[in-house]
Structures are given as structure tokens and as C-alpha cells.
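*Asks:* These are the residues of each chain, in order.
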Amino acid sequence: MSWTLAQIAEHVNGQVVGDPDYTIRSVGTLTHAGPEDLSFLANNKYRKFLASTSAGAVIVAAGAEADITTNLIVVEDAYVAYAQAASLMYPIPKAAAGIHPSAWVHPEARLADNVSIAAQVTIDRGAVIADGASIGPGSVIEADVSIGRDSVIKANVTLCREVQVGERVVIHPGVVIGADGFGIANNQGRWIKVPQVGRVIIGDDVEIGANTTIDRGAIDDTIIGQGVKLDNQIQIGHNVTIGDHTVIAGCVGIAGSTHIGSHCAIGGGTGIAGHIEITDGVQLTGMSMVTKSITEAGVYSSGIPIEPARQWHKNVIRYRQMDKLFERVTLLEKRLKD
Amino acid sequence: MSWTLAQIAEHVNGQVVGDPDYTIRSVGTLTHAGPEDLSFLANNKYRKFLASTSAGAVIVAAGAEADITTNLIVVEDAYVAYAQAASLMYPIPKAAAGIHPSAWVHPEARLADNVSIAAQVTIDRGAVIADGASIGPGSVIEADVSIGRDSVIKANVTLCREVQVGERVVIHPGVVIGADGFGIANNQGRWIKVPQVGRVIIGDDVEIGANTTIDRGAIDDTIIGQGVKLDNQIQIGHNVTIGDHTVIAGCVGIAGSTHIGSHCAIGGGTGIAGHIEITDGVQLTGMSMVTKSITEAGVYSSGIPIEPARQWHKNVIRYRQMDKLFERVTLLEKRLKD
Amino acid sequence: MSWTLAQIAEHVNGQVVGDPDYTIRSVGTLTHAGPEDLSFLANNKYRKFLASTSAGAVIVAAGAEADITTNLIVVEDAYVAYAQAASLMYPIPKAAAGIHPSAWVHPEARLADNVSIAAQVTIDRGAVIADGASIGPGSVIEADVSIGRDSVIKANVTLCREVQVGERVVIHPGVVIGADGFGIANNQGRWIKVPQVGRVIIGDDVEIGANTTIDRGAIDDTIIGQGVKLDNQIQIGHNVTIGDHTVIAGCVGIAGSTHIGSHCAIGGGTGIAGHIEITDGVQLTGMSMVTKSITEAGVYSSGIPIEPARQWHKNVIRYRQMDKLFERVTLLEKRLKD
Numbered sequence: 490m491s492w493t494l495a496q497i498a499e500h501v502n503g504q505v506v507g508d509p510d511y512t513i514r515s516v517g518t519l520t521h522a523g524p525e526d527l528s529f530l531a532n533n534k535y536r537k538f539l540a541s542t543s544a545g546a547v548i549v550a551a552g553a554e555a556d557i558t559t560n561l562i563v564v565e566d567a568y569v570a571y572a573q574a575a576s577l578m579y580p581i582p583k584a585a586a587g588i589h590p591s592a593w594v595h596p597e598a599r600l601a602d603n604v605s606i607a608a609q610v611t612i613d614r615g616a617v618i619a620d621g622a623s624i625g626p627g628s629v630i631e632a633d634v635s636i637g638r639d640s641v642i643k644a645n646v647t648l649c650r651e652v653q654v655g656e657r658v659v660i661h662p663g664v665v666i667g668a669d670g671f672g673i674a675n676n677q678g679r680w681i682k683v684p685q686v687g688r689v690i691i692g693d694d695v696e697i698g699a700n701t702t703i704d705r706g707a708i709d710d711t712i713i714g715q716g717v718k719l720d721n722q723i724q725i726g727h728n729v730t731i732g733d734h735t736v737i738a739g740c741v742g743i744a745g746s747t748h749i750g751s752h753c754a755i756g757g758g759t760g761i762a763g764h765i766e767i768t769d770g771v772q773l774t775g776m777s778m779v780t781k782s783i784t785e786a787g788v789y790s791s792g793i794p795i796e797p798a799r800q801w802h803k804n805v806i807r808y809r810q811m812d813k814l815f816e817r818v819t820l821l822e823k824r825l826k827d
Numbered sequence: 490m491s492w493t494l495a496q497i498a499e500h501v502n503g504q505v506v507g508d509p510d511y512t513i514r515s516v517g518t519l520t521h522a523g524p525e526d527l528s529f530l531a532n533n534k535y536r537k538f539l540a541s542t543s544a545g546a547v548i549v550a551a552g553a554e555a556d557i558t559t560n561l562i563v564v565e566d567a568y569v570a571y572a573q574a575a576s577l578m579y580p581i582p583k584a585a586a587g588i589h590p591s592a593w594v595h596p597e598a599r600l601a602d603n604v605s606i607a608a609q610v611t612i613d614r615g616a617v618i619a620d621g622a623s624i625g626p627g628s629v630i631e632a633d634v635s636i637g638r639d640s641v642i643k644a645n646v647t648l649c650r651e652v653q654v655g656e657r658v659v660i661h662p663g664v665v666i667g668a669d670g671f672g673i674a675n676n677q678g679r680w681i682k683v684p685q686v687g688r689v690i691i692g693d694d695v696e697i698g699a700n701t702t703i704d705r706g707a708i709d710d711t712i713i714g715q716g717v718k719l720d721n722q723i724q725i726g727h728n729v730t731i732g733d734h735t736v737i738a739g740c741v742g743i744a745g746s747t748h749i750g751s752h753c754a755i756g757g758g759t760g761i762a763g764h765i766e767i768t769d770g771v772q773l774t775g776m777s778m779v780t781k782s783i784t785e786a787g788v789y790s791s792g793i794p795i796e797p798a799r800q801w802h803k804n805v806i807r808y809r810q811m812d813k814l815f816e817r818v819t820l821l822e823k824r825l826k827d
Numbered sequence: 490m491s492w493t494l495a496q497i498a499e500h501v502n503g504q505v506v507g508d509p510d511y512t513i514r515s516v517g518t519l520t521h522a523g524p525e526d527l528s529f530l531a532n533n534k535y536r537k538f539l540a541s542t543s544a545g546a547v548i549v550a551a552g553a554e555a556d557i558t559t560n561l562i563v564v565e566d567a568y569v570a571y572a573q574a575a576s577l578m579y580p581i582p583k584a585a586a587g588i589h590p591s592a593w594v595h596p597e598a599r600l601a602d603n604v605s606i607a608a609q610v611t612i613d614r615g616a617v618i619a620d621g622a623s624i625g626p627g628s629v630i631e632a633d634v635s636i637g638r639d640s641v642i643k644a645n646v647t648l649c650r651e652v653q654v655g656e657r658v659v660i661h662p663g664v665v666i667g668a669d670g671f672g673i674a675n676n677q678g679r680w681i682k683v684p685q686v687g688r689v690i691i692g693d694d695v696e697i698g699a700n701t702t703i704d705r706g707a708i709d710d711t712i713i714g715q716g717v718k719l720d721n722q723i724q725i726g727h728n729v730t731i732g733d734h735t736v737i738a739g740c741v742g743i744a745g746s747t748h749i750g751s752h753c754a755i756g757g758g759t760g761i762a763g764h765i766e767i768t769d770g771v772q773l774t775g776m777s778m779v780t781k782s783i784t785e786a787g788v789y790s791s792g793i794p795i796e797p798a799r800q801w802h803k804n805v806i807r808y809r810q811m812d813k814l815f816e817r818v819t820l821l822e823k824r825l826k827d
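Protein chains in written order, with the numbering used here: chain A, 490 to 827; chain L, 490 to 827; chain E, 490 to 827.
Please keep in mind that the hints were generated in silico from the structure rather than gathered at the bench. Careful, some of the hints might be misleading.
Each pair may be met inside one copy or between any two copies, as identical chains are not told apart.
As the list claims (entries may be wrong) - Listed below are the simulated PhoX-like cross-link pairs for lysine-lysine, each with C-alpha atoms no more than 20 angstroms apart in a straight line:
hint, residue 1, residue 2
1, Lys813, Lys803
2, Lys781, Lys534
3, Lys682, Lys583
4, Lys781, Lys803
Construct all of the structure, not just a fragment, from the sequences and the given hints.
*Replies:* Structure below.
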């Protein structure tokens, strides 16, 4: 397959600077791209590689095109345009419709005609799988799960009973949705189980990264809004709700019954306490520690980055002496006043 | 199915205030419950919803019942009573006994008569599965694993060779127990593997959350005590021991050879160094960093919660200047003395 | 099986002190070993157990043998020698060659003659599996994956399309390699997917712990160097590269496009930002927060360990008042000068 720069520019709503009939076959980074590759510049850190790139063409934002001699496609947002161009060139491969002979599908599951069920899959009673959806090898779809049109469940995924998955959702390998939340009550020193009877509802156009876990609700449902994008190894507790178009990077943990707004962006490794509210439009930088509700949009951070171990030792000691330092300064102030 | 308040009150050892013949069919939260739902008040944060709840009845602790007009079940501990009531109403569904035709069971595995082996399961040589136990779809039970009575292994679980699982244990999807611990030795710049020959022993009444991993011992065994409750995505290193009735929230990492006492409670995202001892009755709040042994019961914490990013930047700089600040204060004290 | 101390000493390049014909059958820790067990002393913390050990023989480093009455094997590095001895006594069991009847292998996959394919495995079109490699139960090998000689893929692993695995690699259960990286672009408030078209390349002699995830490259490949050892539940983002013989402990998260050098050692729970460079020979202690490139080898740390909760509360408040304290000290200095 190949595309002219004119075709790509039309698809991404951009302008060609250079030869519109130049032919592109694949994509490449500025440093590794060859003459048949389309590249892009979205992070100024990589601007230095523009002068020497061998890319056949480069997508750049308007205003960034000065002094570049290679073919360009000039757009409003270079990363969005690259995403659109790459999606044109690399459409998600559609698994062939059909049920693999090694899959086991309960006779009372309801599968639309053109679904794709891979090898070693298990689909239990009452599951409903809509048109165009596909289930990857080794995945387990428990009773009464529903999966919307054109959703893609990859390999070795587990969707527990009654999980509801919207349309065009992508769920990567190893994900577990709908396992019991961590509901326990302490009965005279021993922990007894609180039955987890809520469901998990996943909105349309959600993507969920590898080995992420989302617990079912204790009573009400756990809800992931439309267009939410979750990276790998995220843990979402029972009865959490996440607003539409929020993105969460890897290794984030969100404790139970916390509500996160729409259009938030949560950095990797962040921990969020249970039973709090985070309003719309909040950004948290990586490894943030959130213990209270956040009522105003904005950027929030915590954590102290690394330093050489020797200094770190010293600073930790100083940290623990701060309280005494405050007392010393107060005393100094008093003396000086006297 | 339905239950009268009198039946539920008897089961949870409580007193009905209101109509003992009132009929309940399900459970609900104070805000969403309807007239056929039983609700409860265990967290004072939600007390404000009591006045307007449509719940058919509410479980409350003695002393909290004032001014409530709905039916009540008054108990000593509302959350424990709710757990008991919900367990009555939603018993863990028992998988039908039998071996699914798509499962593969080694002829030298020993399965009690009424076990349930789901689709796509693998059970290897020498595995022993006791009465009433069930193995979920896609799970792998390696050689010489033993699983006690009435234990429930959910979907896509891996129990590696020789793992011993007690009775009434629940293991959620994606869990891996008994993989090799991280045992490596540096031989002139290259890392060589240290064989991991210990086992993992899981006590009775343990529950293990989705995608949690527990490594086998290097030489001695890794041991999880009775009644321990583990949330999702916990990592437990080789030769760790965890005392009875300890609970650990999600995303906790425990490095090798650390011993944790009984009746501890470890908050989510906590990291615990290797080769240390944590005594009984220790509570760690979320995201704690534990580098040394803890010899006294009590509550311990670390971490600095988020602040607006601009202040955070400033405070991190201040943190790094603390040592100089101490010098400045010492100098001031000296001058003032002079 | 049994071995004389002379045989073991020869294998580990050590000297017997005591009876070279003494027979050993297994290994044990100093505290639990019996007369047929070989033990070792590598961590001085455990030296106190030497006097009372019942071990048949103990491996110790030269210089540490004073006052010990049991049989010894004296070596240069006790832990390396123990690893070598234990590997002699406990060789990795080789799965029998053959394809289990419940496995599904695409007719266009290419399997060498003596590979071992376990139950419930899926191997897709174009996969290539070399001599001596084994695939554990329930694992999924997607299209065009290649697995090198003598590599061991354990149970319920997912290797996504085009992943390249070197020779003698060990991949533990639940690992996902080659899932899509977290590539999204914000198109007027909605996130659109950036196709992930790179691969993952795993070098020879790599070991990867349970439930670890390694994302495929966005354009270029994600690369794990030779001899790298990864513990459990590590998350490695797209286009990360990790240099040869680097080791990473559990629960580490590495964001996309970061390059880590050779012979690094990264402590558990560490978080590393994207698009940075870490040079060779860097050590990071547990729970480090890395936000910028590290250009010099050495030991780096961050994080403030736990303290009793009451002190922690006070110190967090003091931390937030630091900026004002600096102002107060500056004012004091000014006054004193005046």
C-alpha cells in the first residue's frame, strides 16, 4: 500500500509544502525514517533531528516549518495529524468472523453473526456479544456479560459476570474486569467478606491497558465513562466512577468509592485515596499522592525527586528535625525582639 | 427470594425498629435503595443521606438510630451486620460439580468427587483438589499443587508447582502464585539465576485479589497466614511471611524475606523493603515507604500529599535547601549569643 | 540424587574445609537446614545462625570461615557459588517435547522438532519457535512472534504479534509483551488512538517476572537488552530501551521513550518519567521518583520513610510552611545585620 502526500494531507486536513505526488509507504521517527516513511515533529525536544532526517515527509505544526528542506505536511496539531495519518495507513486489523473450534461457547450465550471468537475462549451462559466484536485467545467471558459493537477483547482477558462493555472498546491482554471489590468487615478480629453485588459499566470508545484491574461495585456499579483511556497495570477499586475523556497513565491505584471528573489527566504511579471527589479538568503529575478531594481544576503534584544517596540521607534527617528548627527560629525571633 | 426484617435481624443478631414483617429482596446504598432494598450506615460521611433514603430498611449501629423514620435493624456493628445480611441474601454461587469436556486433567491428578473444573482448564500431574473446590475457566494448576475443601479458584489463575492452598480460599482472576522469586547473583557483571526451590503455603480463609502475585520461596516457603485478605495487584516476594488476619490493600509491594505480623492493616500503594520484621498490629497508611523493621504496634505513615504544582516546585527547592537553612539558623544563634 | 562436597566444590571453584566425601542431597537455610542440606552465608545479618546450624555444609566467602566447626566450602563469592551449586542440584526441569492435543497451532506456524507446547496453548500464523523452547499451558503466541532456542514461556503468558524473544529467555506466568503502548492524541477534547506499529525485542538470557507488561513500540521498537532481569509487575512503556545486564525489582514503572543504560539496578516501586536518559551503572533505591535524566553513575534515592502517624501529620504541616520559614530566617539575618 502507498499514499501520496496529497492524499495524506487531505485526510489530516493539512497543506503540503513540497511535492504533493511524493509517495509514502510507512511511518518512521525523525532519526530512523527513510525516504518512504512519513515522520512528525510533536515534541520540541526532537526538533534538532529535523535537519538531518531522511524521512520522505514530515508532519509539522504551522509555524514550525522554517528552514526545513524535506517535504512537509503543515497542520494545526502535528500529533493529532500523525495519529490520523497512521490510522489511515495502519487500520486495526479486523479478526475474521467465526468461532474457533477450540473455543467453548455456552448454548445460551447470544452471539451476533459476524463476531470473531478465537481459540481457547470461554463464553458463559447469557453473555451477549454484538456485531463486529472480537474475543482474543484464552479470554473468559463470564455469565451475563455484554460486549458492544466492534469492541476488541484481546488475549487472556477476564470479564466477570454481568460486566457491560460499550461499543468500539479495546481491552488489552491480561485485563480483569469485574472481580470482587475489596469489601471486608472486621468481626472481632477476623475479616468477613462483604458480597460484591454491583457491576462494572464500561462506556463507548474506552481503551484499557494490559493487566489493568477494575473491580465490580459493592452495591452500586463501578463506572468508566465514554472515551476514557487507561494505560497498563492500573487498579480501580469498587464503586469508583471516572468521567468521560479522562486519561490515566500506568500503575495508578484508585481506592474504592472515589469519583473522578471528566477530562482529567492522571500521571503514572499516582495513588488516590477512597471516598473522595476529584473535579473535572484536574491534572496530576506522576507519582502524586492524593488523600483529599480536589475541588478546583488545575495541575497538582507531590513527591520529591531523587538526589544522590548521600544527600538524600542528610535531607531525610533534616526533614525530621524541621519541627525543632521552627522552634529555634521562633526562639531567635523572640530573643531579637527582646 | 425475600426475607422479613425479623429473619434478617435474627441472622445478624440485631433488633428491628419498625415492622418486623416488612419484606426485603435485595440491597442498596442509602442514595439509590428502593422500598425492597436493605441499606446500611457504616460511614458517618453518608449519614446525611439517611433522612431522604427510600430504602425499605436500614442497618444502623446502636446509638445512631435517632430521628430515623424508616425501618431499622439496630446492631452493634453496622458494617459487620450488613456483611452478614448480604451474605445471607447473596450466597457465593456454587459452580456445578463436574469436569468440563474442554478442560485437560492429567490422569495422575487426584480430584475429589464433587469438584468443579471449568472450560479450558489445565491440571497437571500430582495435583490434588479437595471436595467442593472449583477451578475457573482458563486456569492452570501445575504439578503437585494442592487445593483445600471449598476453595474457589476463579478464571485465568496460575498456581505453579507445589503451591498449597488451604480451605475456603478465594483466588480472583489473573493471580499468579508460586512463580520463581527474584533470586539472582552477580557473577562478574552478569546475573545468574538462583534456583527457587521453596513453595507457597496459603492458609485457610484467605482471599487474594485480581492479578496479585506471590512468589515461591528461594529455599524455605513463602507463607500467607489464615484469614489474610489481599487486594488486587499486590506483589509478595519470595520467603515473605504474613501473619494471620492481616489485610493488605491494592498495589502494595513487599520485597523478599520480610516478615509481617498478625492483625496488621497495610494501606494501598505501600512499599516494604526486604529482610525486615513488622510486628503484630501495625497499621500503615496508603503509599507508606517502609525501609526498616517496625517493633511496636501503632499507626505509621509517610508521603507528602499533593499541592498545586507551582507550590510543589517551590517546596521541592526549599527541601533541597534545608541543610543550608539549618546552617543559617545555627549561625544566627551563635551570633546572637555573641 | 546426591553430591559429595568435593563434587560441589569443584563445580563452584571452591575449597572444602572438612570432609570432602560428605554427601549432600538438598539445600536449606542456616536456620532450617539438616545434615543432608547444603547452606550458605551471603548476608552478614544471618551470620549469627552459623554457630547453631545443623547444615551438612555451608558455603562461605574466604575470610568468613573462622570459628566454624561444620563442613565448609570456601569460595570467593558465597551467593554466586550457592547459585551455581543449587543450579547443579536443581536443574530447570525440561518439559517433554511434543504438542499437547488441546493446544491449537496454526498450520502456518513453524515449530522446531523438539519444542514443548502445553495444554490449551494458542499459536498463531507465522510464529516461529526454535529448538528446545517450551510454551506453558494457556499461553497465547500471536502472529509472527519468534521465540529463540531453549526459551521457557510459562503459563498464561501473552506474546503479541511480532514480538521477538531471544535464546534462553524465561518468561513467568501472566506476562504480557507487545500490547499497544499508551499512544493517544487529544483532538479537541477527545482522545484518539495513535497506532502502535513498533515491536518488542527481548535479548538473550533475559528473565521476566510474573504479570510484568512490556508495551510494543509506537514506531521504533521497545528493546530489552541481553541478560536483563525483570521482577514481577513491572510496567515498561513503548519505546523504552534497557541496556544489557540491568536488573529491575518489582512494581517499577517506566514511562515511554526512556532509555536506561547497562548494568543499572533499579529498586522496587520506583517510577521513571518518559523521554529521559539514565546512563550506565546507575543504582536507584526502592520507591525512587525519577523525573530527569541521570548522566552520572552512582546511587540515587528519594522518598521519606514512615514515622508514627502523629509525627507525620506534624511534619507534613511543617513541610508546607518551609517557604515561610526561609523568609523568617532571611528577615532575622537582615535584622541582625542591621
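*Asks:* Does each hint fit the structure? Answer for all of them.
*Replies:* Quick rundown of the hints versus the structure:
1. Lys813 to Lys803: Classified as both; 16 angstroms inside a copy, 11 angstroms across copies.
2. Lys781 to Lys534: between (35 angstroms within a copy, 13 angstroms between copies)
3. Lys682 to Lys583: Between copies only: 16 angstroms across chains, 42 angstroms inside a chain, cut-off 20 angstroms.
4. Lys781 to Lys803: Between copies only: 17 angstroms across chains, 30 angstroms inside a chain, cut-off 20 angstroms.
Going through the hint list in order, the structure satisfies each hint without exception.
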